[in-house]
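Asks: Fit chain G to the known structure of chain R by using the hints.
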Amino acid sequence: MSSAKIFAIALLGALLAGCPQNTIPDPDPSDTAYGGDAGATTDGAGSGDLFGGETIDDPFAGELGTVIYFDFDSSEVRAQDQELVSRHAMDLINNPRSKVRLEGHTDERGSREYNIGLGERRAQAVRRMLMIQGVAGSQISTVSFGEERPDAMGNSESDYAQNRRVGFKY
Amino acid sequence: MNEEIVLNKLRWITCVLVLLTGAANAELVIDVQGIAQPTPVAIVAFGWEGDTPEMPLDVAEVIINDLTRSGRFAPISANDMLQKPTDGADVDFSDWTILGVEAVVVGKVIQTGENVYKLQFQLFDTYGRRQLVGYRMFASRGTIRSAAHRAADMIYEKLTGIKGVFGTKVAYITAEQRGDERLYSLVVSDQDGENERKIVESTDPIMSPAWSPDSRQLAYVSFEGSRSSIFVQTVRTGNRFPVSNKPGINGAPSFSPDGRKLVVTLGGVEGNLDIYVLDITTRQTRRLTTHRAIDTEGAWSPDGRHIYFTSDRSGGPQVYRISVNGGTPERITFEGSYNARPRLSPDGTRLAMVHNDRGNFRIAVMDLERKHLLVLSTGQQDESPSFAPNSDSLIYATRQGGDGVLETVSADGLIRLKMASGQGDVREPVWSPYPRY
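Here the protein sequences come in this chain order: R and G.
No gaps in the numbering here: position 8 of the first sequence is 8 in the numbering used here, and each next residue is one more.
No gaps in the numbering here: position 100 of the second sequence is 1100 in the numbering used here, and each next residue is one more.
Okay, chain R solo, but in the shape it has when bound (with noise of 0.2 Å):
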């Protein structure tokens, strides 16, 4: 793949991800029935809709990419998104109170859960070269959704390269 490809996905990628998401309200997590007899009569007192609220997008996302893609079966951040890398890294030292979520992800191909453990090893990857550059743990967390969130619904090389990658979230 040329890199002006590369770079047009990193792009796009990263368009797609500054679009506005619907933002969902966590159920509770305690004893909550979904379905059922009971589920109906079952809900959490403390999820009331006074604290709930919506995200706001970062007007400069947009100038700041939030995704960073992998090679095939490889979770080494690769030469040209280490700038980029570096470029978040600055932000959360420069806003020692802003936290960031390195969401992993992978392609489709193979176990569930094995990929789960793939999609956290890119998020802990990118995580370690953040915390080098000198940024608080404490600011980072990771999840991964190994291939259960794919941007790319197709299963051709290019929709699993577009779904190999770790998302920043703000």
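Honestly, I wouldn't trust all of these hints.
What the hints assert, rightly or not - Lysine-lysine pairs mimicking DSS-like chemistry, simulated, CA-CA at most 25 Å apart: (1) G/Lys-1246 - R/Lys-169; (2) R/Lys-99 - G/Lys-1246; (3) G/Lys-1163 - G/Lys-1418; (4) G/Lys-1118 - G/Lys-1158.
To be verified - Computed list of chain G residues with no C-beta within reach of chain R, every gap over 10 Å: (5) Gly-1047; (6) Ser-1077; (7) Glu-1194; (8) Pro-1213; (9) Asp-1214; (10) Thr-1281; (11) Ser-1314; (12) Leu-1373.
The set of hints was computed from the structure by calculation and includes no laboratory data.
Glycine included, every Cβ here is placed at the ideal spot set by N, Cα and C.
Replies: Chain G only, in chain R's frame:
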């Protein structure tokens, strides 16, 4: 194979398709691809004695579907029957042997109360001219389908010597696009795709369902709030509670044979995935593996002594096992570069896994004693094998036109059955243990 048999076979395949697509609420459509030659049998329409013109359920149809889907039997068409008795005393054996039918089932449903039904059936060996089993049970409108499956189980076991699994359930995950959102569901259905119910719905991914040994609960992973947590949910009531929501990965739950513990994968802040045993009541965890590699997808051996798991400590993923008391893991798989998601047969003799077969991810089963590996599926991205409780067949997910669909296959690879999904991407099927009657 002569033309007539081929035609007959085609006829019953088509028949099953029509029956099931016609049924209301059935998301799964069944398509049989039998390789073995099925035995001709006859299930006569059941008699009905009750208040209403029709019985609450066509019991014979349920039994016909069950036996047909096993791939081992070819129930003959009602049009070909020379007699249609509903009582064993009226069976004329020569009317059946002349058709080549080896076994005949007759029965009736008798209403004995407002919502009480007596279901009775008898199975006869037509050539031996004797009753093989006769049974009577009570049911309500809500349980008569289960009673019919139970009758099919008893017939199947008598004729094959293998315990039937028609009364069992299957849980699986679906993902559907709804506008801008992707909607994930955990679904429970009868093993024939009927009675389908969504028991969890979320706009965040749900994965890795696992049945408790008493088949009353399901453990699963949910990403609600963009973090992974493991929940245990009672299937009947829908009540659920979180059992693990530590920082980092909480994944791959699987119940211990006594139902008190789960083997889980935890990753922690540093993201080093290891195998832990989690006590469901106390929520205390005990770490079993400590390797830097990915250790995940733990599965308990049926005798409770070992945990089988996937690890890439040797490079690519392979299956290992470790004593539940800890110690040094022992590598189990050596054939090929990719073996993951181990699942033990309930009789403990075989190990199912996802195996990279010359570039294709397929379901393979290894005989644990002889170490022989048999590839059972034919797709390119098959995943999530799960044994039926009789250890005789497996269910797994495969791909068809981009979407996931479910297939079952006999453990010898001879009988494969497609369950094409009506809607969405269907994956991660898990076969329930036997129900408690």
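Asks: All hints, please: hold or fail.
Replies: Status of each hint after checking the structure:
1. G/Lys-1246 - R/Lys-169: Cα-Cα ~20 Å, so holds.
2. R/Lys-99 - G/Lys-1246: 18 Å, holds
3. G/Lys-1163 - G/Lys-1418: 21 Å, holds
4. G/Lys-1118 - G/Lys-1158: 22 Å, holds
5. Gly-1047: 34 Å, holds
6. Ser-1077: 39 Å, holds
7. Glu-1194: 17 Å, holds
8. Pro-1213: Since the minimum Cβ distance to chain R is about 21 Å, G/Pro-1213 lies beyond 10 Å and the statement holds.
9. Asp-1214: 17 Å, holds
10. Thr-1281: 15 Å, holds
11. Ser-1314: Its Cβ never comes within 10 Å of chain R, the nearest being 14 Å, so this holds.
12. Leu-1373: 16 Å, holds
Going through the hint list in order, the structure satisfies each hint without exception.
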